[in-house]
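Participant: Using the sequences and the hints given, assemble the complete structure.
Number of protein chains: 2
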Amino acid sequence: MTTVLDTMRNHRSIRSFQEKPISKEQIERIVSTAQMASTSNFVQAYSIIQVTDQEKRKQLAHFSGDQIYVEQAPVFFVFCADLYRIQQAIHHNGKEAEFSTIENFLVSIIDTALFAQNVMLAAESMGLGGVYIGGIRNQPQQVSEVLQLPQLVMPLFGMCLGYPTEHLPEQKQRLPLSVILHENEYQRDQQNEIEQYDRAITEYYRDRTNGRRADTWSGMMARLFLGPQRKSLRDFIEKQGFPLD
Amino acid sequence: MTTVLDTMRNHRSIRSFQEKPISKEQIERIVSTAQMASTSNFVQAYSIIQVTDQEKRKQLAHFSGDQIYVEQAPVFFVFCADLYRIQQAIHHNGKEAEFSTIENFLVSIIDTALFAQNVMLAAESMGLGGVYIGGIRNQPQQVSEVLQLPQLVMPLFGMCLGYPTEHLPEQKQRLPLSVILHENEYQRDQQNEIEQYDRAITEYYRDRTNGRRADTWSGMMARLFLGPQRKSLRDFIEKQGFPLD
Numbered sequence: 007m008t009t010v011l012d013t014m015r016n017h018r019s020i021r022s023f024q025e026k027p028i029s030k031e032q033i034e035r036i037v038s039t040a041q042m043a044s045t046s047n048f049v050q051a052y053s054i055i056q057v058t059d060q061e062k063r064k065q066l067a068h069f070s071g072d073q074i075y076v077e078q079a080p081v082f083f084v085f086c087a088d089l090y091r092i093q094q095a096i097h098h099n100g101k102e103a104e105f106s107t108i109e110n111f112l113v114s115i116i117d118t119a120l121f122a123q124n125v126m127l128a129a130e131s132m133g134l135g136g137v138y139i140g141g142i143r144n145q146p147q148q149v150s151e152v153l154q155l156p157q158l159v160m161p162l163f164g165m166c167l168g169y170p171t172e173h174l175p176e177q178k179q180r181l182p183l184s185v186i187l188h189e190n191e192y193q194r195d196q197q198n199e200i201e202q203y204d205r206a207i208t209e210y211y212r213d214r215t216n217g218r219r220a221d222t223w224s225g226m227m228a229r230l231f232l233g234p235q236r237k238s239l240r241d242f243i244e245k246q247g248f249p250l251d
Numbered sequence: 007m008t009t010v011l012d013t014m015r016n017h018r019s020i021r022s023f024q025e026k027p028i029s030k031e032q033i034e035r036i037v038s039t040a041q042m043a044s045t046s047n048f049v050q051a052y053s054i055i056q057v058t059d060q061e062k063r064k065q066l067a068h069f070s071g072d073q074i075y076v077e078q079a080p081v082f083f084v085f086c087a088d089l090y091r092i093q094q095a096i097h098h099n100g101k102e103a104e105f106s107t108i109e110n111f112l113v114s115i116i117d118t119a120l121f122a123q124n125v126m127l128a129a130e131s132m133g134l135g136g137v138y139i140g141g142i143r144n145q146p147q148q149v150s151e152v153l154q155l156p157q158l159v160m161p162l163f164g165m166c167l168g169y170p171t172e173h174l175p176e177q178k179q180r181l182p183l184s185v186i187l188h189e190n191e192y193q194r195d196q197q198n199e200i201e202q203y204d205r206a207i208t209e210y211y212r213d214r215t216n217g218r219r220a221d222t223w224s225g226m227m228a229r230l231f232l233g234p235q236r237k238s239l240r241d242f243i244e245k246q247g248f249p250l251d
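Just so you know, the sequences run in chain order E and C. Going by the numbering used here, the first residue of the first sequence is number 7, and it counts up by one from there. Going by the numbering used here, the first residue of the second sequence is number 7, and it counts up by one from there.
No lab work stands behind these hints: they were computed from the structure. Certain hints may be false.
Remember, identical chains collapse to one label, so a pair may be satisfied in a single copy or spanning two.
[As the list claims (entries may be wrong)] Below, in silico cross-link-like pairs of lysine to any residue (SDA-like), each with a Cα-Cα straight-line distance of 25 Å or less:
1. Lys30 <-> Gln179
2. Lys101 <-> His17
3. Lys178 <-> Val37
4. Lys245 <-> Asp195
5. Lys237 <-> His68
6. Lys62 <-> Asp12
7. Lys26 <-> Glu189
8. Lys245 <-> Thr107
9. Lys178 <-> Gly217
10. Lys237 <-> Asp251
11. Lys30 <-> Tyr75
12. Lys245 <-> Gly71
13. Lys30 <-> Gln157
Facilitator: Below, the structure written as structure tokens:
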């Protein structure tokens with residue numbers, strides 16, 4: 007039995023899995039337990055699509071930037087922000103739903119993410135491991151066609167789950183607590199802490215590559231945000247009917 | 007020692023707290039453990055502002071729709087999506103960050119929510135309870151002024167934490183698993199399940215109000231989405247520098 011704090015502390019992204027299957031009962035236990043996460047005004051504005059069809063898996067792996075573990079993981083989920091269900095329920099009541107502000111979009115994203123983190127931790131507490139797949143947003147239109155998503159359902163991220171192979175990846179140190187946790191007002195001057203963190207990350211890579219990789223967190227961020235990311239996303243969100251006003 | 011699944015299953019929103027304080031060490035343990043949550047490309051695009059100043063608490067309680075527990079809870083956090091830190095780090099490297107697509111905004115929201123759910127569960131596993139405060143988005147501009155948030159930092163939601171009083175609220179049943187968990191494609195016809203769920207919610211309220219409250223989930227959703235919500239949010243997001251393109 008692992009405690010909550012230990013489960014969190016042991017987290018690493020797992021991309022390599024044993025072939026050992028995961029049962030339907032395990033999945034239902036994970037997902038139904040995760041549903042107890044908080045949800046804004048009880049809207050529960052999310053759905054999971056579990057992809058068991060191998061052809062669809064292959065397509066999604068490709069659309070996610072050729073991430074082979076999307077095809078190979080014992081379990082692959084696509085987490086979707088979902089206002090469609092609510093709209094249907096309201097229609098059935100003979101009323102109209104007004105989803106007209108970005109607030110409605112934000113609520114569905116936050117609800118989905120809180121729920122997803124419960125899924126991840128529940129799975130980890132049962133000996134599984136996994137990784138979030140943001141690459142599912144690379145080609146959201148194609149993903150939606152594969153999964154037959156109606157209007158007001160948006161694929162936010164994927165998740166691979168399975169029993170990890172014996173070699174667990176090492177953990178990367180997080181940002182210093184002092185830049186994450188502020189008191190009463192936002193502390194803008196974080197330069198010393200960031201420099202200290204950059205040095206820690208440099209050491210991490212140096213030790214693990216026999217000195218071949220010299221990198222810093224700041225440097226990684228500079229490369230990552232060099233140009234615009236996922237430019238097709240905005241059009242997709244609007245086309246899918248989520249309000250941005 | 008409580009397991010992860012038990013902690014999730016026992017979740018309820020706690021709004022009434024004992025006066026028993028929570029130590030700095032407890033808070034640091036909760037937050038630093040929660041930081042091990044997954045983060046997209048290691049960006050860690052979030053900050054917490056812990057509000058200890060009573061005057062600020064009073065203001066935030068008011069801005070959140072006069073939620074008295076925001077003022078009274080032993081601990082109150084504001085969770086912020088944060089691209090400011092990354093921008094500063096990149097600037098210091100002599101480079102420019104391009105935050106130009108809605109993808110950058112989504113990543114910071116999802117990162118923040120995954121981290122926040124870890125905070126909630128970590129706290130719950132230590133005997134605390136809490137509630138998310140979406141009301142922090144009612145008047146985001148005023149909240150940002152109270153907390154002195156720079157550009158590229160956005161208050162997403164608050165969280166009250168403390169030791170629950172002895173009376174724990176009852177839990178509301180979640181949507182049937184069959185409408186949350188789909189296989190291979192989105193199942194659009196959820197009408198039977200929603201009707202069954204509506205009946206369960208009706209029973210829940212009838213039993214707990216001696217028959218005075220007759221309600222359904224669909225009916226609650228219809229009232230909730232009757233008109234536009236938080237109309238000032240879009241302008242605030244743009245003003246704060248988060249890209250929506």
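Participant: Look at each hint and say if it fits the structure.
Facilitator: Hints versus structure:
Only between protomers do lysine 30 and glutamine 179 lie at most 25 Å apart by alpha-carbon distance; the minimum there is 21 Å, versus 35 Å within a single protomer. Proximity of lysine 101 and histidine 17 under a CA criterion of 25 Å is satisfied in neither setting, with 45 Å inside one chain copy and 32 Å between copies. For the homomeric pair lysine 178 and valine 37, the shortest alpha-carbon distance between copies (16 Å) is at most 25 Å, but the shortest distance inside one copy (28 Å) is not. Only between protomers do lysine 245 and aspartate 195 lie at most 25 Å apart by alpha-carbon distance; the minimum there is 22 Å, versus 40 Å within a single protomer.
Proximity of lysine 237 and histidine 68 under a CA criterion of 25 Å is satisfied intra-copy only: 18 Å inside one chain copy versus 38 Å between copies. For the identical chains of this complex, lysine 62 and aspartate 12 are neighbours neither inside a copy (35 Å) nor across copies (34 Å), given an alpha-carbon limit of 25 Å. Taking the shortest Cα distances, lysine 26 and glutamate 189 sit within 25 Å of each other only across copies (20 Å), while inside one copy they are farther apart (47 Å). With identical chains, the CA atoms of lysine 245 and threonine 107 are at most 25 Å apart both within one copy (15 Å) and between copies (16 Å).
For the homomeric pair lysine 178 and glycine 217, the shortest alpha-carbon distance inside one copy (17 Å) is at most 25 Å, but the shortest distance between copies (55 Å) is not. Proximity of lysine 237 and aspartate 251 under a CA criterion of 25 Å is satisfied in both settings, with 19 Å inside one chain copy and 8 Å between copies. Taking CA atoms no more than 25 Å apart as the test, lysine 30 paired with tyrosine 75 passes inside one copy only; the shortest distance there is 20 Å, against 41 Å between copies. Proximity of lysine 245 to glycine 71 under the C-alpha cut-off of 25 Å is restricted to the intra-copy arrangement: shortest distance 23 Å within a copy versus 33 Å between copies.
Proximity of lysine 30 to glutamine 157 under the C-alpha cut-off of 25 Å is found in neither arrangement, the shortest distances being 28 Å within a copy and 46 Å between copies.
This entry does not satisfy hints 2, 6 and 13, going by the numbered hints stated previously.
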